[in-house]
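Starting from the known structure of chain A, fit chain B onto it as the hints suggest.
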Amino acid sequence: MKAIITVVGQDQVGIVATVATKLAALKINIVDISQTLMAHNFTMMLSGEWDAEQLSFAAAKTALDQLGQQTGLTIHIQRQELFDAIQKL
Amino acid sequence: MEAKAILETIQMVAEENLDIRTITMGISLFDCIDSDGGKARQKIYDKITTSAQDLVTVADQIQTEYGVPIINKRIAVTPIALIAAASGDQDYVAYAQTMERAAEALGVDLIGGFSALVQKGYQSGDRKLIASIPQALAETKRVCSSVNIGSTRAGINLDAVGEMGRIIKQIAANDPVNCMSLVVFANAVDDNPFMAGAFHGVGEADRVINVGISGPGVVKRALEQVRGQSIDIVSEQIKKTAFKVTRMGQLVGSIAAERLDVPFGIVDLSLAPTPNEGDSVAEILEEIGLESVGAPGTTAALALLNDAVKKGGVMACEHVGGLSGAFIPVSEDAEMIRAVEAGRLGVEKLEAMTAVCSVGLDMIAVPGDTTAASISGMIADEAAIGMINNKTTAVRVIPATGKQVGDSVAFGGLFGRAPVMAVNPSQPQAFIQRGGHIPAPIHSFKN
Numbered sequence: 001m002k003a004i005i006t007v008v009g010q011d012q013v014g015i016v017a018t019v020a021t022k023l024a025a026l027k028i029n030i031v032d033i034s035q036t037l038m039a040h041n042f043t044m045m046l047s048g049e050w051d052a053e054q055l056s057f058a059a060a061k062t063a064l065d066q067l068g069q070q071t072g073l074t075i076h077i078q079r080q081e082l083f084d085a086i087q088k089l
Numbered sequence: 001m002e003a004k005a006i007l008e009t010i011q012m013v014a015e016e017n018l019d020i021r022t023i024t025m026g027i028s029l030f031d032c033i034d035s036d037g038g039k040a041r042q043k044i045y046d047k048i049t050t051s052a053q054d055l056v057t058v059a060d061q062i063q064t065e066y067g068v069p070i071i072n073k074r075i076a077v078t079p080i081a082l083i084a085a086a087s088g089d090q091d092y093v094a095y096a097q098t099m100e101r102a103a104e105a106l107g108v109d110l111i112g113g114f115s116a117l118v119q120k121g122y123q124s125g126d127r128k129l130i131a132s133i134p135q136a137l138a139e140t141k142r143v144c145s146s147v148n149i150g151s152t153r154a155g156i157n158l159d160a161v162g163e164m165g166r167i168i169k170q171i172a173a174n175d176p177v178n179c180m181s182l183v184v185f186a187n188a189v190d191d192n193p194f195m196a197g198a199f200h201g202v203g204e205a206d207r208v209i210n211v212g213i214s215g216p217g218v219v220k221r222a223l224e225q226v227r228g229q230s231i232d233i234v235s236e237q238i239k240k241t242a243f244k245v246t247r248m249g250q251l252v253g254s255i256a257a258e259r260l261d262v263p264f265g266i267v268d269l270s271l272a273p274t275p276n277e278g279d280s281v282a283e284i285l286e287e288i289g290l291e292s293v294g295a296p297g298t299t300a301a302l303a304l305l306n307d308a309v310k311k312g313g314v315m316a317c318e319h320v321g322g323l324s325g326a327f328i329p330v331s332e333d334a335e336m337i338r339a340v341e342a343g344r345l346g347v348e349k350l351e352a353m354t355a356v357c358s359v360g361l362d363m364i365a366v367p368g369d370t371t372a373a374s375i376s377g378m379i380a381d382e383a384a385i386g387m388i389n390n391k392t393t394a395v396r397v398i399p400a401t402g403k404q405v406g407d408s409v410a411f412g413g414l415f416g417r418a419p420v421m422a423v424n425p426s427q428p429q430a431f432i433q434r435g436g437h438i439p440a441p442i443h444s445f446k447n
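Respectively, the protein sequence lines represent chains A and B.
At position 51 of the first sequence (counting the first as 1) the number is 51 in the UniProt record's numbering, and the numbers step up by one without a gap.
At position 150 of the second sequence (counting the first as 1) the number is 150 in the UniProt record's numbering, and the numbers step up by one without a gap.
One chain only, chain A, in its complex shape (with noise of 0.2 Å):
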């Protein structure tokens, strides 16, 4: 399964670090990673796919809520056909 996780908050250190030690644990692999600071704000976007059979997207976004919740991160996943649809002809 393919999906973009977007992590926007207040810069701080270690926010990769965190997020990227998540996804490991969950087994979600890193594809593609991308991250910025506009005006203070540290926004990531991530590409992230796993295998479907040992996660569900459900299991996935409420361990990424969980860990929005922690660390004061607003954490968003969707799933990157949405993307794709919107954005590619």
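Hints are not guaranteed to be accurate.
Examples of chain A residues toward chain B, derived with CB under 8 Å [unchecked claim]:
| id | residue |
| --- | --- |
| 1 | Ile4 |
| 2 | Met45 |
| 3 | His76 |
| 4 | Gln78 |
| 5 | Arg79 |
| 6 | Glu81 |
| 7 | Leu82 |
| 8 | Phe83 |
| 9 | Ile86 |
| 10 | Gln87 |
Honestly, the hints are just simulated from the structure, not real lab data.
Built from N, CA and C at the ideal position, the CB exists for glycine as well.
Then chain B, alone, in the frame of chain A:
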């Protein structure tokens, strides 16, 4: 994928109110017909609740996985006047109650199809159904009703026009808010996913999934980027945006159809506003360059918008259908409400606008003392526009019992608030009373 494209997609949903307005499952009830009304209603209940048992669950799953809000889950059934006609029942309120119970059991928002098709004449079930509409709407919350009184091929049933004016007054006498659940159509379409006018047409498959998209906010934001540029650029910008919005509808509809194991019907390419700020069709027209919706030029700007949305959307999905056009429901569009209250937009201009867009005089409150004949006259005018121009038109007016111009009627939620609008006080009484049938128009000599 580029970060910019990802951000744009997220922004469309998060900030510009892009959503799937409705996933509507059409269900044929022809196999529920029975000479015993009680048995027919049991079959109807069973068929609806088994066919759509996973509709809400699947819609919620898609919303979670793809991050796209799906605002409404709805059911449309075969016009009940056709299904109930075989029974000996004298009134059809019990059918509406069955629809209500099924909708409640499924957790869907609305169920449409308490409908009759009388453009050419009445069959035995039609009169009973129409007479049952006021009580059916009073006793249910989710049931939507529609009556098709004219078409390009059949002309206009003036008897039905007169009757619907009286029915609307009767509903309003009890509770004006119930009028929002009744649409009077000309050229009604079989695969419309939008309420209150959705029903499952007689030529449709046993079950089908149709999707209605939204997204005025996205179009408005896109047009902000081309301020001052030529109208050609405006048209191009709308087309590109409509393409993206429609792709989302196509994706969501095809996933829903697959998971529900029901054929995917159509995407309805409509711009459907909500009363939320930044989700207004009127604001798009103003962004194109009108000081206010209602100004001279409004009809032209709307024609361009409507056409460009279709051009952009058609290529984005497999099958287009339904109403497919920009909606202009007054109560559901915050900027329309402001324009009406400021005296910049009246019923006559709205009528002109309906000649170039979807769907008709929609969600308009009129003074409580508006006569049934006046309402019938409004219905006849809209039907004539639809009949001559080969398009769907409709009337969904709300006589605000006990209220005058300057007051308003609140519907709550997405249905918003309708300011009471003035209606020309001169009467079409004798015209409507003639009854009979306006013949179908000639299709040559188009002027």
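*asked:* Could you work out which of the previously given hints the structure breaks and list their numbers from low to high?
replied: none
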